[in-house]
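Read off the chains here:
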Amino acid sequence: MSAFDHNPIVEMKDIEKHFGPVIALNGVSFDVRPGECHCLLGDNGAGKSTFIKTMSGVHKPTRGEILFEGRRMDFASPRDAMEAGIATVYQDLAMIPLMSVTRNFWMGREPVKRIGPMKFMDFRTANEVTMEEMRKMGINLRSPDQAVGTLSGGERQTVAIARAVYFGAKVLILDEPTSALGVRQTANVLATIDKVRKTGIGIVFITHNVRHALAVGDRFTVLNRGKTLGTAQRGQITPEELQDLMAGGQEMVELEGSLGGTV
Amino acid sequence: MSEAGQGAALAPAKDERVKEISGFRKALIRPELGAIVGTIAVFVFFIAFAADSGMFNAQGILNWSTVSAQFMIIAVGACMLMIAGEFDLSVGSMIGFAGMSIAILSVTLQWPVWVAILLTFALCIAVGALNGWIVVRTGLPSFIVTLAFLFILRGFTIFFPQLIERQTIIGGISDAAEGDWLAPVFGGKILGFVFDWLAEMEMIAVFERGTRAGEPIVDGIPMLIVWALALVAVAHVILTRTQFGNWVFASGGDAQAARYVGVPVNRVKILMFMFTAFCACVFATCQVMEFGSAGADRGLLKEFEAIIAVVIGGALLTGGYGSVIGAALGALIFGVVQQGLFFAGVESSLFRVFLGVILLFAVILNTYIRRIITGER
Ligand SMILES: Nc1ncnc2c1ncn2[C@@H]1O[C@H](COP(=O)(O)OP(=O)(O)OP(=O)(O)O)[C@@H](O)[C@H]1O
Ligand SMILES: [Mg+2]
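Chains as they are written, first to last, in numbering that gives the first Met the number 0: chain A, 0 to 262; chain B, 0 to 376.
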C-alpha cells in the first residue's frame, strides 16, 4: 500500500482522557496516513467514541498531544478541527431528514450568488454539484430536491461522506457507519470508503464488526478499557485473532466453544 | 478487499428499490397543498352560499381582505419562527403592549407619533430578542418562556394606562397622527386614484349622500394589506432562496446537526424571535392607526390564531418544515371564513368551532405528510 510511503496526517500520542474519576482513555497512540483506512475496533465502552471526539475537537485530552501534519495542534472546537481538514460523520447527527439532499449537502456552506444588492443561494450550482458528487459515490439521486428522509441509511451515510470529501477533508472519521445497516447497504458504504481512500484521504473507521473492518482496513487498532492492545497491518492478522483481541483475549475462545463457533 | 470490490459492483446504476412515487404523492409533500385546497374549497363554498350577501362586491372584498391581512402579518412571523423550531405565545400580548406603548408615548407624553412608533418597534424587537436569548441560553422550551412573557406583557399593558390615565383605553391617536410622516405608512391607503377611476367608470359603487357623496365606497388599498403582502413576499424569498433560509430550516430540523456543520443556530433562532416581534408590532401599529386608540385587551388569542394559520399552511409543529405561502393561505382561509359567516348571517361563535375542527384536520394531514417524507412508519 502506498499509504506507508507518507507521513501521518494526524498523530495522536499517549492520549489520556479523564471524566472526573472515570478514566475513559489511558494512554492511546494512533495515527492516520493519507490514502489509508485505519480501523479502530473495540467493545462497547472501550473508549472509541471518546477517542475520536478528542481527535475531532469535541473533547480536550487530559494528557498527550495531537500532531496535525507534523505540527502540534490544540483544537478549541469541532469547527477548528473541521477547518484544519478533520471531518467526522456521526451516525445519528449526519443529516436532517426533512430537508432536501442539496440543502443538507451544503448546510453551513451554501453557495451564494449576487443579484443586485441581494445575495441568493445558488441552487443551480448546488444541485449540479450534489448530483455529480453523489454519482461519483455510486448513487443516482432521483432528484436533488429529494428529502434525505426518503433515502436509506446507507445512502444517508454516503451523502454525509460525499459532503465531507467535497469540502476538502484530509481525514475522515466514521463512527460506526455500518452498525445499523443491512448487508447490501453495508457493502455500499464499504465501497464508498474504498473510493474515498483512493483519492488520498485518510480514513478512521470505527466498528464493532471484524468482517467489516477486514473488508476495507489497511491497519487495525484495538481498544480495550481505554488502552490500545496494539496495531496490526493488513494480512498480519486473522479474523479470529482480531475477534479475540476485541473481547480481551481469553473469554472469546471459551464463548466461541459454547456457541459452536458462530460468533 | 473482496467485499468492498463486490460492493462497488453492486452499487446500482439506478436504484430499482426506490419506487417512483406517484404524482399525487409528490404533490402531497408540498407543504402548502392542504392550504391551496382549503382556500379553493372556502371560496367555492361562500360563492355558492353567500354570493348575494355583498361579500364579493368591492366593499365586501375589502372587508375580508383586511381581516385576512391582519392574520397574515402575524402568521408570517409565527411561520418563520416555527420552521426555526420555536413558538412565540406572547404575540397577542405583544400586540396589546405595542399599541399601548404608541398611545402612551404619543398621546400622554405628547411625543411626535413617528418617535412613538420607532421607539415601540425598538422596544418590541428587544423583547423578542430577550425571549430568544432566554430560550437558547437556558434550553427551556420556548412554549414556557414565551408563556411567561404572555403574562408579563399583558400585565404591563393593563397596569400602565391605569396608572397614568386611570383607564384601559387611550384614544386621540388620530389627532396626534395628523400630519405625521410615518403614521400613513401604517394607517394610510394607496392607489386611491385607481378607485376614483373605477367609480367614474361605474365599476364600483359610490356614496349616494352624506358628506362623501359621489366618492367611491372603497377609496384605496389599506397599508395593512400592503404590509401583509410585502412581508409574505420577502419572507418567502428569504426562506426558500437564500443561505439564511437554509439555516432557518436547519435550525428547526435538527439544531445539533446544524451546529455541527457551523450553522449559527442560536443567532438564527434569536433573529426569528425578533422578526416575530416585528410582525406583531406592525399589526399593532396598523390597528392603532385604524382605530385611533389603544386598548389593554387588544390582541387577545392572536398567538393561537397565528399558529393555527401556520399549521393549516402545512408547517410541522416540531419545526424544520413549512411554507410562508401556506401560512398566508391559512390566514386567507381564516379571514374569508370569519367574515363569510358574518355575511351569511351565521352566529359568529361558530367560527371558533370551525377553527378547532380545521386545526385538527390540518395537524392530522401534516403528520401523514411527515411520514411520507421521512419514511417513518
Ligand atoms: N462525558 C462523559 N462523562 C463521563 N464518562 C464518560 C463520558 N463519555 C464517555 N464516558 C465513559 O468513557 C467510557 C468509554 O466510552 P465511549 O463512548 O468512548 O465507548 P465506545 O468505545 O465508543 O463504546 P460503544 O461501542 O458502545 O460506542 C465509558 O465507560 C463511558 O461511560
Ligand atoms: Mg461509541
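These are calculated hints, taken from the structure and not from any lab test.
Where is the CB? At the ideal position from N, CA and C, for every residue including glycine.
Careful: at least some of the hints might be erroneous.
[As the list claims (entries may be wrong)] Rough simulated footprint, nothing fancy, chain B against chain A, three-plus residues with beta-carbon under 8 Å:
{"hint": "1", "segment": "71 to 83"}
{"hint": "2", "segment": "201 to 208"}
[As the list claims (entries may be wrong)] Here are the in silico distance ranges between beta carbons for each label pair:
{"hint": "3", "chain 1": "A", "residue 1": "E68", "chain 2": "B", "residue 2": "F243", "range": "31 to 41 Å"}
{"hint": "4", "chain 1": "A", "residue 1": "K118", "chain 2": "B", "residue 2": "T137", "range": "27 to 37 Å"}
{"hint": "5", "chain 1": "B", "residue 1": "A232", "chain 2": "A", "residue 2": "R183", "range": "20 to 30 Å"}
{"hint": "6", "chain 1": "B", "residue 1": "F360", "chain 2": "A", "residue 2": "K118", "range": "30 to 40 Å"}
{"hint": "7", "chain 1": "B", "residue 1": "L118", "chain 2": "A", "residue 2": "R62", "range": "55 to 65 Å"}
Cross-check of the supplied hints:
1. 71 to 83: Per the Cβ count (3), the hint holds.
2. 201 to 208: violated (count 0)
3. A:E68 - B:F243: 31 to 41 Å: Holds, at about 35 Å.
4. A:K118 - B:T137: 27 to 37 Å: holds, 33 Å
5. B:A232 - A:R183: 20 to 30 Å: violated, 47 Å
6. B:F360 - A:K118: 30 to 40 Å: holds, 39 Å
7. B:L118 - A:R62: 55 to 65 Å: holds, 56 Å
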